[in-house]
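On the provided structure of chain W, position chain Y as indicated by the hints.
Number of protein chains: 2
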Amino acid sequence: MPEYHAPLRDMRFVLHEVFAADKLWARLPALAETVDTETADAILEEAAKVTGELLAPLNRSGDEEGAHWNDGVVSTPAGFREAYATYIEGGWVGLAGNPAYGGLGMPKMLAVQFEEMLYSANASFTLYSALTSGCCLALDAHASEELKQLYLPRLYSGEWAGTMCLTEAHAGSDLGLLRTRAEPRADGSYAISGGKIFITGGEQDLTANILHLVLARLPDAPAGSKGISLFLVPKFLVAPNGELGARNALSCGSLEHKMGIKASATCVMNFDGATGYLIGEPHKGLAAMFTMMNYERLSIGIQGIGCAEASYQNARAYARERLQGRAPGGARAPQKSADPIVAHPDVRRMLLTMKALTEGGRAFSTYVAQQLDLAKYSEDDERRHAEALVALLTPIAKAFFTDTGLESCIHGQQVFGGHGYIREWGQEQLVRDVRIAQIYEGTNGIQALDLLGRKVVANGGDALHAFTGEIRAFLDAPAASRPFADRLLAAVENLESVSAWLLEQAEQDPALVNAVAVDYLNLFGYVAYAYMWARMAAVAQASRDNDEAFYGAKLATAQFYFTKLLPRIHSLDAVIRAGSAPLLELADDRF
Amino acid sequence: MPEYHAPLRDMRFVLHEVFAADKLWARLPALAETVDTETADAILEEAAKVTGELLAPLNRSGDEEGAHWNDGVVSTPAGFREAYATYIEGGWVGLAGNPAYGGLGMPKMLAVQFEEMLYSANASFTLYSALTSGCCLALDAHASEELKQLYLPRLYSGEWAGTMCLTEAHAGSDLGLLRTRAEPRADGSYAISGGKIFITGGEQDLTANILHLVLARLPDAPAGSKGISLFLVPKFLVAPNGELGARNALSCGSLEHKMGIKASATCVMNFDGATGYLIGEPHKGLAAMFTMMNYERLSIGIQGIGCAEASYQNARAYARERLQGRAPGGARAPQKSADPIVAHPDVRRMLLTMKALTEGGRAFSTYVAQQLDLAKYSEDDERRHAEALVALLTPIAKAFFTDTGLESCIHGQQVFGGHGYIREWGQEQLVRDVRIAQIYEGTNGIQALDLLGRKVVANGGDALHAFTGEIRAFLDAPAASRPFADRLLAAVENLESVSAWLLEQAEQDPALVNAVAVDYLNLFGYVAYAYMWARMAAVAQASRDNDEAFYGAKLATAQFYFTKLLPRIHSLDAVIRAGSAPLLELADDRF
Numbered sequence: 001m002p003e004y005h006a007p008l009r010d011m012r013f014v015l016h017e018v019f020a021a022d023k024l025w026a027r028l029p030a031l032a033e034t035v036d037t038e039t040a041d042a043i044l045e046e047a048a049k050v051t052g053e054l055l056a057p058l059n060r061s062g063d064e065e066g067a068h069w070n071d072g073v074v075s076t077p078a079g080f081r082e083a084y085a086t087y088i089e090g091g092w093v094g095l096a097g098n099p100a101y102g103g104l105g106m107p108k109m110l111a112v113q114f115e116e117m118l119y120s121a122n123a124s125f126t127l128y129s130a131l132t133s134g135c136c137l138a139l140d141a142h143a144s145e146e147l148k149q150l151y152l153p154r155l156y157s158g159e160w161a162g163t164m165c166l167t168e169a170h171a172g173s174d175l176g177l178l179r180t181r182a183e184p185r186a187d188g189s190y191a192i193s194g195g196k197i198f199i200t201g202g203e204q205d206l207t208a209n210i211l212h213l214v215l216a217r218l219p220d221a222p223a224g225s226k227g228i229s230l231f232l233v234p235k236f237l238v239a240p241n242g243e244l245g246a247r248n249a250l251s252c253g254s255l256e257h258k259m260g261i262k263a264s265a266t267c268v269m270n271f272d273g274a275t276g277y278l279i280g281e282p283h284k285g286l287a288a289m290f291t292m293m294n295y296e297r298l299s300i301g302i303q304g305i306g307c308a309e310a311s312y313q314n315a316r317a318y319a320r321e322r323l324q325g326r327a328p329g330g331a332r333a334p335q336k337s338a339d340p341i342v343a344h345p346d347v348r349r350m351l352l353t354m355k356a357l358t359e360g361g362r363a364f365s366t367y368v369a370q371q372l373d374l375a376k377y378s379e380d381d382e383r384r385h386a387e388a389l390v391a392l393l394t395p396i397a398k399a400f401f402t403d404t405g406l407e408s409c410i411h412g413q414q415v416f417g418g419h420g421y422i423r424e425w426g427q428e429q430l431v432r433d434v435r436i437a438q439i440y441e442g443t444n445g446i447q448a449l450d451l452l453g454r455k456v457v458a459n460g461g462d463a464l465h466a467f468t469g470e471i472r473a474f475l476d477a478p479a480a481s482r483p484f485a486d487r488l489l490a491a492v493e494n495l496e497s498v499s500a501w502l503l504e505q506a507e508q509d510p511a512l513v514n515a516v517a518v519d520y521l522n523l524f525g526y527v528a529y530a531y532m533w534a535r536m537a538a539v540a541q542a543s544r545d546n547d548e549a550f551y552g553a554k555l556a557t558a559q560f561y562f563t564k565l566l567p568r569i570h571s572l573d574a575v576i577r578a579g580s581a582p583l584l585e586l587a588d589d590r591f
Numbered sequence: 001m002p003e004y005h006a007p008l009r010d011m012r013f014v015l016h017e018v019f020a021a022d023k024l025w026a027r028l029p030a031l032a033e034t035v036d037t038e039t040a041d042a043i044l045e046e047a048a049k050v051t052g053e054l055l056a057p058l059n060r061s062g063d064e065e066g067a068h069w070n071d072g073v074v075s076t077p078a079g080f081r082e083a084y085a086t087y088i089e090g091g092w093v094g095l096a097g098n099p100a101y102g103g104l105g106m107p108k109m110l111a112v113q114f115e116e117m118l119y120s121a122n123a124s125f126t127l128y129s130a131l132t133s134g135c136c137l138a139l140d141a142h143a144s145e146e147l148k149q150l151y152l153p154r155l156y157s158g159e160w161a162g163t164m165c166l167t168e169a170h171a172g173s174d175l176g177l178l179r180t181r182a183e184p185r186a187d188g189s190y191a192i193s194g195g196k197i198f199i200t201g202g203e204q205d206l207t208a209n210i211l212h213l214v215l216a217r218l219p220d221a222p223a224g225s226k227g228i229s230l231f232l233v234p235k236f237l238v239a240p241n242g243e244l245g246a247r248n249a250l251s252c253g254s255l256e257h258k259m260g261i262k263a264s265a266t267c268v269m270n271f272d273g274a275t276g277y278l279i280g281e282p283h284k285g286l287a288a289m290f291t292m293m294n295y296e297r298l299s300i301g302i303q304g305i306g307c308a309e310a311s312y313q314n315a316r317a318y319a320r321e322r323l324q325g326r327a328p329g330g331a332r333a334p335q336k337s338a339d340p341i342v343a344h345p346d347v348r349r350m351l352l353t354m355k356a357l358t359e360g361g362r363a364f365s366t367y368v369a370q371q372l373d374l375a376k377y378s379e380d381d382e383r384r385h386a387e388a389l390v391a392l393l394t395p396i397a398k399a400f401f402t403d404t405g406l407e408s409c410i411h412g413q414q415v416f417g418g419h420g421y422i423r424e425w426g427q428e429q430l431v432r433d434v435r436i437a438q439i440y441e442g443t444n445g446i447q448a449l450d451l452l453g454r455k456v457v458a459n460g461g462d463a464l465h466a467f468t469g470e471i472r473a474f475l476d477a478p479a480a481s482r483p484f485a486d487r488l489l490a491a492v493e494n495l496e497s498v499s500a501w502l503l504e505q506a507e508q509d510p511a512l513v514n515a516v517a518v519d520y521l522n523l524f525g526y527v528a529y530a531y532m533w534a535r536m537a538a539v540a541q542a543s544r545d546n547d548e549a550f551y552g553a554k555l556a557t558a559q560f561y562f563t564k565l566l567p568r569i570h571s572l573d574a575v576i577r578a579g580s581a582p583l584l585e586l587a588d589d590r591f
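Quick mapping for you: the protein sequence lines, in order, are chains W and Y.
When we follow full-length UniProt numbering, the leftmost residue of the first sequence carries the number 1, and every step to the right adds one.
When we follow full-length UniProt numbering, the leftmost residue of the second sequence carries the number 1, and every step to the right adds one.
Here chain W stands alone, though its shape is the one from the complex (with noise of 0.2 Å):
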């Protein structure tokens, strides 16, 4: 069976010595007194632990048994349980949480590296935890006092478990056909009736209630996504002290049959009239969904980089240990019946491609979360600035950190021939479970679209010239402490030559943005993934002397990134260049 290990080495490289996250951390005062270097290390040595130890080797079992749906009753596979009541006793749920509710307060760069952890260690599990988290953001932006009291510190203790409640059958996509319901009670709570499919852990045997965020119309609103409010409908109701009450009208009509995350629970809920309460103002709720939708879109794409580092494990001990053939130029280990193919070039391709698409996308989560931190503790120019980056870092993450980590497992998968189609090797789980992180949180697409006509057309490239200004300004530095300067320069230009080209043709062609968004993503992630192997390289290369094979291992990584990598920005400019006619020609009954 696969085991995992978390890279905690690389891990720490990136939080601290490329990062300098003790730094940030003593100068911002929530966070002075919560953390320091040696708190954060306890924390990732505990939490490789955890994911190691407990979660991991449930994985392979929770893929076999899946979750099972009886009479509305859910049943997680065997052994979740008994692992979900150690892992909330070590508080992890409320790990990035508010302190006055109950959260530990940590800061989200360092929740990033667990989150990693446990994508990598078991996504089924993950998944009824991260929605919790995400929840929680959404109840602590916007819920009332009361309600933030009542629930928030049985949600962080992870004693109670969140949802998120937006698709319907015929709504998706696109939020605003949505039609369930929400009418008015005199006692000033909501009946909520209506469908809603693919709610993960919207029923489950972990928690002693679920806390469903429910997107739902009242009867005066108006048509489509400006219509829209948010409600907390519990599934048993709860009084004043917290104490359980009667069961809600509501219920887990069927569990999807799903091509992966199969220990995940995926739901149709039923709302029969159960009660809920409305969270923020009327008509506004698709605005306070996305304070949990953005939380959860950095933590689906951390999924991506999650399941990457998993399937790079496993290849690489594969790669090691499997003998087959003989590397080119002569024989590797002369005494064996053939050498191990991480000789052969083209299996190093395959491993140096997982090896640098998942250490960059692993720094690049560690960036956005710190953009996120600073947008959440520091103050005015430097607040707004990270606030930006954030808004358009983060569709990028989600899309491209889950479409490479695809690219990752196919290739960790083909590592190991005829047995990566085999069940018990692991690889093809990873396939089919990180698979549905391009989906679900708005798909790939979706993303995409965001970024390119909300995130840099709409604002005329401000925020865009935000991130690019950085990397210019890190540029500036002499070119001796910035290996690989050269060609990130290029990229750059790239980036910012092909949006120039997108914001002026944009005004005259109103399909370009949609026909070209997933494209532009794509270049952008490559461009973005280049400045963090820059930044690694630069204290790779100033630290060389005092571990060769770690810092060396970084740079010929970066080497690979820069030349085998990065140059597929030449064809991404080509085809978004080619613009929306070639997409626009055909008619639609002509397909």
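Be careful, since some hints might not be right.
The list treats identical chains as one, so a pair stands whether inside a single copy or across any two.
Dumping the calculated DMTMM-like pairs for lysine to aspartate or glutamate here, alpha-carbon to alpha-carbon at most 20 Å [unchecked claim]: (1) Lys336 <-> Asp589; (2) Lys284 <-> Glu183; (3) Lys49 <-> Glu3; (4) Lys336 <-> Glu168; (5) Lys49 <-> Glu89; (6) Lys23 <-> Glu470.
Because the hints were derived from the structure by calculation, they are not lab data.
Owing to the predicted nature of the structure, the values given are computational and were not obtained by experimental measurement.
Below, chain Y alone, put in the same frame as chain W:
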């Protein structure tokens, strides 16, 4: 449940209009009596019925149920036995078989259309007879007249089935490591002992007998791949009159649990002194097996096209029905709550990518099949030219069809959003089923090494120039009758230039071929498809006035291919020219 309708109009377009099969058939004596346009169309019509009505309805249920193993006995999913009986009544297994032994002698150009339909309808079912067809080819080419008389008619009829037993647990890509032994017996037969894995259809309940083609070592065999012989090992021994005798000493130890093709029994086979018969010469079994392998490689390539076509048909239907959002630039269906998603350029991008790759692949598979027919039925220079093209293009067909097949199936799943991840819609099964095609019959990495190492570098580019020379001859026609001629010319020049660079560099760098083979194969594949699309576009332009809807769609798809997909060669070119160094820098233990 998804339906499948064979794309007959598109197949006839490729066969009759683009490649003028009737003219070729008329001038080759062996085919002139056998087939003409009318016969071919009648066969295609019938094939469409068999695949659409008999096999496609068993695809989902077969996946859900899977093949079963019970104490050495393997049963196929419900409905497979009955469908197989009906299927072989039609004579389909021997469609392209040698008429001297009961085959129908149809050209490969026609057979590949049928193979595509089979894989679209039900990949698992198809594999049972696909291996039989390949087995027949190997026997026809290398077995004694006595064995051919005894076995071939019952294989062509589908009464018996064939397998290929190559892989052992420690010997996959490197067959030189295999250990299965063959001891000569006094009666001229051999006792075969050893274990084989990943044997498709190694045991099943569809046919009365199963004939295993087994690679094994004679006692005096040299080490490595030059000491391997090929044996025919029947499940039941066969009397000279064809009656079945005693059960042979071989058994199925278990079935593999796989990511997909679950209705195909993938067997662990144990040979315990089983009686076998030498096929071809001692120690030359690998060459004999390659007769079968090359055939299978094209067939498995076509699995990529077939699955992609099925995924495309489903995605197209869904994209026309599913209402979400509004088209940029104004509502397309203002009377409805939202526009069908086919109106969104990003959805059109995914559909057009599938369409352009699948139709390009269909044309290329037909082109390679034409070369196979010429290699089999023509003479002298024409035959040698065709043989060289078959050798050059087979690895491209296998790897590029399946890599782009996976890409297409992923797009087809993505078009469905969340529903694409749910089993009942069938799109996720196509992703799982097509994935194996990149792995078996020689991984796509192995195909790439075969292409660049043996088929390009080893002959100094001669075969390559035979192919590019043909494209240049095509381009010599007046430009007005050759739409996209400039883009095709630039692409061919790119292929020639990077090939020349590789031929030169490979002399000094022994790792280069292994390092860039996959990128080179992909670049070659896009250029080959560009040639196909230019040929299709030339025909479509000349015929446009006859049927604007059909030929206009071909031209629009060609336009998409040249502007949105072909530019992928820019990145591949840069990555190839980055050479082997970036892959070799990292020490094995630093991955």
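Outcome of the hint check:
1. Lys336 <-> Asp589: between (60 Å within a copy, 18 Å between copies)
2. Lys284 <-> Glu183: within (16 Å within a copy, 80 Å between copies)
3. Lys49 <-> Glu3: within (12 Å within a copy, 48 Å between copies)
4. Lys336 <-> Glu168: Cα proximity of lysine 336 and glutamate 168: across copies only (17 Å, versus 59 Å in one copy).
5. Lys49 <-> Glu89: For lysine 49 and glutamate 89, the Cα distance is within 20 Å only inside one copy (14 Å; across copies 61 Å).
6. Lys23 <-> Glu470: within (19 Å within a copy, 65 Å between copies)
The structure meets every hint from the earlier list without exception.
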